[in-house]
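Participant: Okay, here's what each chain looks like letter by letter:
2 protein chains.
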Amino acid sequence: MGTDVLRRLSDHEDLDGVRRWLDENPPHVIADELARMDAVSAMVPFRLLPKDRALAVFEELEPVDQQQLLMGLRDQAFGDLVEAMDPDDRARMLHEAPAKVARRVLAGLSPDEQRMTAALLGYPEGSVGRVMTPEAVTLPRHLTAGQALEVVRERGAGAETVYTLPVVDGERRLVGVTGLRELFLAPAGRPVAELTDTGVARVRATESAEDAARLMRETNLLGLPVVDSEDRLVGLLTIDDAVEVIEAADTEDAARQSGADPWPGHYMFASVWQLARSRAVWLLLLIVAATLTVNVLQIFEATLEEVTALALFIPLLVGTGGNAGAQAATATVRALAVGEVRGSDLLRVVWRECRVGLLLGAMLAAVGMVVGTVLVGGDIALVVAVSLVIICSWAATVGGVMPLLAKRLRIDPAVVSAPMVTTLVDASGLIIYFLTARAVLGV
Amino acid sequence: MGTDVLRRLSDHEDLDGVRRWLDENPPHVIADELARMDAVSAMVPFRLLPKDRALAVFEELEPVDQQQLLMGLRDQAFGDLVEAMDPDDRARMLHEAPAKVARRVLAGLSPDEQRMTAALLGYPEGSVGRVMTPEAVTLPRHLTAGQALEVVRERGAGAETVYTLPVVDGERRLVGVTGLRELFLAPAGRPVAELTDTGVARVRATESAEDAARLMRETNLLGLPVVDSEDRLVGLLTIDDAVEVIEAADTEDAARQSGADPWPGHYMFASVWQLARSRAVWLLLLIVAATLTVNVLQIFEATLEEVTALALFIPLLVGTGGNAGAQAATATVRALAVGEVRGSDLLRVVWRECRVGLLLGAMLAAVGMVVGTVLVGGDIALVVAVSLVIICSWAATVGGVMPLLAKRLRIDPAVVSAPMVTTLVDASGLIIYFLTARAVLGV
Numbered sequence: 001m002g003t004d005v006l007r008r009l010s011d012h013e014d015l016d017g018v019r020r021w022l023d024e025n026p027p028h029v030i031a032d033e034l035a036r037m038d039a040v041s042a043m044v045p046f047r048l049l050p051k052d053r054a055l056a057v058f059e060e061l062e063p064v065d066q067q068q069l070l071m072g073l074r075d076q077a078f079g080d081l082v083e084a085m086d087p088d089d090r091a092r093m094l095h096e097a098p099a100k101v102a103r104r105v106l107a108g109l110s111p112d113e114q115r116m117t118a119a120l121l122g123y124p125e126g127s128v129g130r131v132m133t134p135e136a137v138t139l140p141r142h143l144t145a146g147q148a149l150e151v152v153r154e155r156g157a158g159a160e161t162v163y164t165l166p167v168v169d170g171e172r173r174l175v176g177v178t179g180l181r182e183l184f185l186a187p188a189g190r191p192v193a194e195l196t197d198t199g200v201a202r203v204r205a206t207e208s209a210e211d212a213a214r215l216m217r218e219t220n221l222l223g224l225p226v227v228d229s230e231d232r233l234v235g236l237l238t239i240d241d242a243v244e245v246i247e248a249a250d251t252e253d254a255a256r257q258s259g260a261d262p263w264p265g266h267y268m269f270a271s272v273w274q275l276a277r278s279r280a281v282w283l284l285l286l287i288v289a290a291t292l293t294v295n296v297l298q299i300f301e302a303t304l305e306e307v308t309a310l311a312l313f314i315p316l317l318v319g320t321g322g323n324a325g326a327q328a329a330t331a332t333v334r335a336l337a338v339g340e341v342r343g344s345d346l347l348r349v350v351w352r353e354c355r356v357g358l359l360l361g362a363m364l365a366a367v368g369m370v371v372g373t374v375l376v377g378g379d380i381a382l383v384v385a386v387s388l389v390i391i392c393s394w395a396a397t398v399g400g401v402m403p404l405l406a407k408r409l410r411i412d413p414a415v416v417s418a419p420m421v422t423t424l425v426d427a428s429g430l431i432i433y434f435l436t437a438r439a440v441l442g443v
Numbered sequence: 444m445g446t447d448v449l450r451r452l453s454d455h456e457d458l459d460g461v462r463r464w465l466d467e468n469p470p471h472v473i474a475d476e477l478a479r480m481d482a483v484s485a486m487v488p489f490r491l492l493p494k495d496r497a498l499a500v501f502e503e504l505e506p507v508d509q510q511q512l513l514m515g516l517r518d519q520a521f522g523d524l525v526e527a528m529d530p531d532d533r534a535r536m537l538h539e540a541p542a543k544v545a546r547r548v549l550a551g552l553s554p555d556e557q558r559m560t561a562a563l564l565g566y567p568e569g570s571v572g573r574v575m576t577p578e579a580v581t582l583p584r585h586l587t588a589g590q591a592l593e594v595v596r597e598r599g600a601g602a603e604t605v606y607t608l609p610v611v612d613g614e615r616r617l618v619g620v621t622g623l624r625e626l627f628l629a630p631a632g633r634p635v636a637e638l639t640d641t642g643v644a645r646v647r648a649t650e651s652a653e654d655a656a657r658l659m660r661e662t663n664l665l666g667l668p669v670v671d672s673e674d675r676l677v678g679l680l681t682i683d684d685a686v687e688v689i690e691a692a693d694t695e696d697a698a699r700q701s702g703a704d705p706w707p708g709h710y711m712f713a714s715v716w717q718l719a720r721s722r723a724v725w726l727l728l729l730i731v732a733a734t735l736t737v738n739v740l741q742i743f744e745a746t747l748e749e750v751t752a753l754a755l756f757i758p759l760l761v762g763t764g765g766n767a768g769a770q771a772a773t774a775t776v777r778a779l780a781v782g783e784v785r786g787s788d789l790l791r792v793v794w795r796e797c798r799v800g801l802l803l804g805a806m807l808a809a810v811g812m813v814v815g816t817v818l819v820g821g822d823i824a825l826v827v828a829v830s831l832v833i834i835c836s837w838a839a840t841v842g843g844v845m846p847l848l849a850k851r852l853r854i855d856p857a858v859v860s861a862p863m864v865t866t867l868v869d870a871s872g873l874i875i876y877f878l879t880a881r882a883v884l885g886v
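Protein sequences appear in the order of chains Z and W.
Read in this note's numbering, the first sequence has 276 at position 276, and its numbers run on one by one without any break.
Each number in this note's numbering comes from the position in the second sequence (counting from 1) with 443 added on.
Keep in mind that the hints were calculated from the coordinates and are not lab data.
Keep in mind that a hint or two might mislead.
Stated by the list, open to error - Heads up, incomplete: computed chain W residues facing chain Z, CB under 7 Å, no partners named: (1) Leu623; (2) Arg624; (3) Glu625; (4) Thr734; (5) Ala754; (6) Asp869.
Glycine included, every Cβ here is placed at the ideal spot set by N, Cα and C.
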């Protein structure tokens, strides 16, 4: 994959080169290159794409990028593109768009598409309703396989998928699902009811999209039926959308775990201001929390003045405690995300992490003893070694427990992970260190 | 979902209760509960499952858990289960199994299944070949839609999927793909060649499974054709396997980013020893690296003895530098993983992160100035504020660049992320702090 070829061709106004490059590359590669260009220069190659290719490329873009491209288009091209989008993709883009864009988009839609989009936008943010497709091909339960195949033949062309076919009763309540494969491989006279998996998982439209997507991963479904509070079918979560939901959730978790909000859109395209803003609040909170370490050290200032050598090991101890805490926090955040740990496991996690921390602390204490003895002498080395054992098991316990406590308090566990734990452990680690020093050195 | 109901029922030897619970719950929930029990107690409920349900549950388990369950089964049940597994799932389990288990499994297979499994195991670890399904239904390019549907009807029942149908030429070379939907909705006489997407993405069996899975996410495919070096079709990567590959890769990245190896199997089931082992190496490496901070402080020991108050801000500065570095490192690791940043973006990332760090540093300096003045006085407050600006922009730059350098050196970028960066930034941050102190205070 040539790096930035498209940008270079555009910059040199080599339109033939741009056309050739667009012909030779698949939509997702073109979308990737467009996302790396600024909105104005991305318009040039985008306008050169034939209509159907333009749609394919457009669908691969992130909502932020879609919206910026749209604003550069004239009414006709704008309307065509917006009308052709899948309703769920359109809803996702509209949600992030400024009101001005949203109004222009909605005004340009056919009444049918307008209705579907408005319905999706009515669901809460982060819910399945927002990302599902409302265009499922549903089958009445009383059909035969042959009749059902006729329904698919009639209505399949317009639907996002025909591989998951919800089966419903007379009140549009979900009975189960079948699929094109099951219908196609069965004798034509076989009742659809016999080919229907009635035990299939289902979710409410208002439930969390991330939970629904992880459920799909666990159950290996290509489409998960979405129902309303009366069990009536309202849509399908398709696997490609579920994969995007999982990836977005993992990106968000990764950002949160480093003490930052997820940055908006493409990393290379986000402005320096946007990147700084996504990190500023956390960094501020953390530095305010870190002033606690200054207070702690002030309390022990007399000890510190008496034995300055104690200061030498502050970064090492604070750093190691932070690392041990971060390891434990990351492990439980991830285990919670993929469903291996539940809120009710709190006490068991405390007990596990405390022992893991003790083991690790004992191992590190040996290193600390050697390093300390070589660099400053046996007394302080002993203080460092003993502190390491206590700090490690304390840090691992705090790190393991905080995400579970957050989960119980209905806060995103990723929020209270690595940096939060580290900062907490820093101050308490210093207290442990100086109390140990006082006890061992008798100062 | 009741918590640990199954375990409690088993512990009380309430077999009727266990049977009822097994009847009422879907396979993925049963698998989840079994994974939370130890191997011996999990055997009891597993043996109570009817044969087809047992297979469904077995397929939902992680390879480690599968292998432990298998070892508790008698030959007949063992053979049935192993023969019925999908070849790619079997290969994955065998790869992690001890040689004794692997031999017993391979010996019990039919020659056909044995051949397929051996072929998959011949591909390198982490490659697409290991996780693809070799059982695709391929269509010769010269068929009509109607003839192709006949092929699917004949061979579809045994295949993992019929929704992605690779089209091949006389030498089994991949021409493109079509799907059951396209064939089914087309007139029977239409040539398959006209229904084939010849521009479809394809990967070599030896390429990275993670890259292939991310490509599937980008292209929204349900099945990605896998070819050998001569472009002959050897299998299909199906979307459900791709989702698992992505989730496993993200779990691994999350662990690596906190300075730990991924723990083996289920978090609650891994032993305390296993958890400690997955973190020990990194923690040791990091503490050895952290002794650098002791050396740095020794160099400035005279300054520290003269102005003990300088010691008060060491954890705050070191912590903030670490946080700023971790934020940048996590952002670029993730951006690399999802393909938003490439190795060639190195200089642009340096320039972005350096400015982001400066902005953040300036903001934090204001806080540092206030806190410092209140707690210790203006002079040291000025030292802290100036140090914060320099440390933040340095930390963000190092954090942003290290993962890209790692990528260029073909090391997993996640390995050199948060804790590694933090430890590096700790020592250099102290140098910045004390040099600033000397300059400002004139000591």
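Participant: Are the hints correct? Go through all of them and say.
Facilitator: Hints, one by one, checked against the model:
1. Leu623: Since the shortest Cβ distance to chain Z is 6 Å, the answer is holds.
2. Arg624: holds (5 Å)
3. Glu625: violated (10 Å)
4. Thr734: Result: holds, 5 Å to nearest chain Z Cβ.
5. Ala754: This hint holds: W:Ala754 lies near chain Z, its Cβ roughly 4 Å from the closest one there, short of 7 Å.
6. Asp869: At about 5 Å, which falls below the 7 Å cut-off, the nearest Cβ of chain Z leaves the hint on W:Asp869 intact, so it holds.
Of the numbered hints stated above, the single one contradicted by the structure is hint 3.
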